[in-house]
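S.K.: Residue numbers (my numbering): 1 to 243.
Calculated from the structure, these hints are not laboratory results. Please note that the accuracy of each hint is not assured.
Unchecked claim - Computed spacing ranges between beta-carbons, pair by pair:
#1 E188 to E240: 42 to 50 Å
#2 L185 to K63: 18 to 26 Å
#3 L48 to G128: 23 to 31 Å
#4 R163 to I103: 41 to 49 Å
#5 A98 to G124: 26 to 34 Å
#6 G52 to W208: 25 to 33 Å
#7 A109 to G154: 43 to 51 Å
#8 Q209 to K63: 38 to 46 Å
#9 L135 to R195: 25 to 33 Å
#10 W208 to L102: 17 to 25 Å
#11 V147 to Q209: 44 to 52 Å
#12 I103 to T64: 24 to 32 Å
For every residue, glycine included, the Cβ atom is placed at its ideal position computed from N, Cα and C.
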Amino acid sequence: MLKAVFMRFLGNEYNRNELAGAFGDLGTFIPFVAAYITLNRMDPLGILVSFGVFKIFVGQYFKTPMPVQPMKAIGGMAIAHPESITQGMIWGSGLFTAAFWLILGLSGAVSWLHKITAKPITRGIMLGLGLSFVLEGIKMMGDQPVVAAIAAGGTFLFLSRERIPAMLVLLGFGMSVALISNPSLWNELTQISARLRIPEIYLGRITWQDLIAGTLILGLPQAPLTLGNAIIGTAEENNELFP
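My request is simple: use the sequences and hints to build the entire structure.
M.R.: This is how it looks when you write it as structure tokens:
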């Protein structure tokens, strides 16, 4: 009884397959977050807590595997030009993006744009993104072809086995390879200490210049990408897989 309650809470199921699926977003999430922290000197606590809270909310609201990801255009520009893109500009672009899509969502404009967008366009968006990830993965596999071949073979072997999710096997294999190839990594991991700390609020430090620059340089270029990829493409795929 207790196990059944634990495995199903608030309409969501929690099992090994759901655990494996939870790592599906990390391929693009980790590089952007790591770059924000190391290059843009943003507070890791604030970033991780914010993403965690929104992932929990989105999971409970939609009850389907809905992604919560960094904005690619904003992140790409901020990472490529850390010397000129300030933290205030990044926060300003986030405020603009949130307000912009909140207004379009409440007004029904997003639904209208979704209706008039042809299906081949959404299919092309998803195909283009998928191919770009495949090509990038192939490039990364070239650095260690033997490891890549073993990982790919193991993935295909376990894809059809629901009792042993391929993602968990792949994660375990990847961590083992990382520790074997870099033994000092284990010592670094053991030196990590955990402590509780409340994230700092930076909104009061954003100037009007930051807000305007963040909107024009980061926020506006992100808008069409968000519409095509994060809204229309995601909605189409989600509605098809989870009608």
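S.K.: Compare the structure with each hint and give your call.
M.R.: For each hint, the structure was consulted:
1. For the pair E188 and E240, the supplied restraint of 42 to 50 Å holds, since their beta-carbon distance comes to about 43 Å.
2. Remark: the range hint 18 to 26 Å for L185 to K63 is contradicted by a beta-carbon distance near 37 Å.
3. Roughly 29 Å separates the CB atoms of L48 and G128, a value that falls within the hinted 23 to 31 Å.
4. For R163 paired with I103, a C-beta distance near 47 Å keeps the hint of 41 to 49 Å intact.
5. Distance hint check: the CB atoms of A98 and G124 are about 27 Å apart, consistent with the given range 26 to 34 Å.
6. For G52 and W208, the Cβ-Cβ distance of about 31 Å falls inside the hinted range of 25 to 33 Å, so the restraint holds.
7. The supplied range of 43 to 51 Å is met by A109 and G154, whose beta-carbon atoms lie about 46 Å from each other.
8. The beta-carbon spacing between Q209 and K63, approximately 42 Å, falls within the hinted interval of 38 to 46 Å.
9. Checked against the hint of 25 to 33 Å, the C-beta distance between L135 and R195 comes to roughly 41 Å, which is inconsistent with it.
10. A beta carbon spacing of about 20 Å between W208 and L102 agrees with the range 17 to 25 Å that was offered as a hint.
11. For V147 and Q209, the Cβ-Cβ distance of about 48 Å falls inside the hinted range of 44 to 52 Å, so the restraint holds.
12. Between I103 and T64, the C-beta spacing of about 25 Å keeps the proposed range 24 to 32 Å intact.
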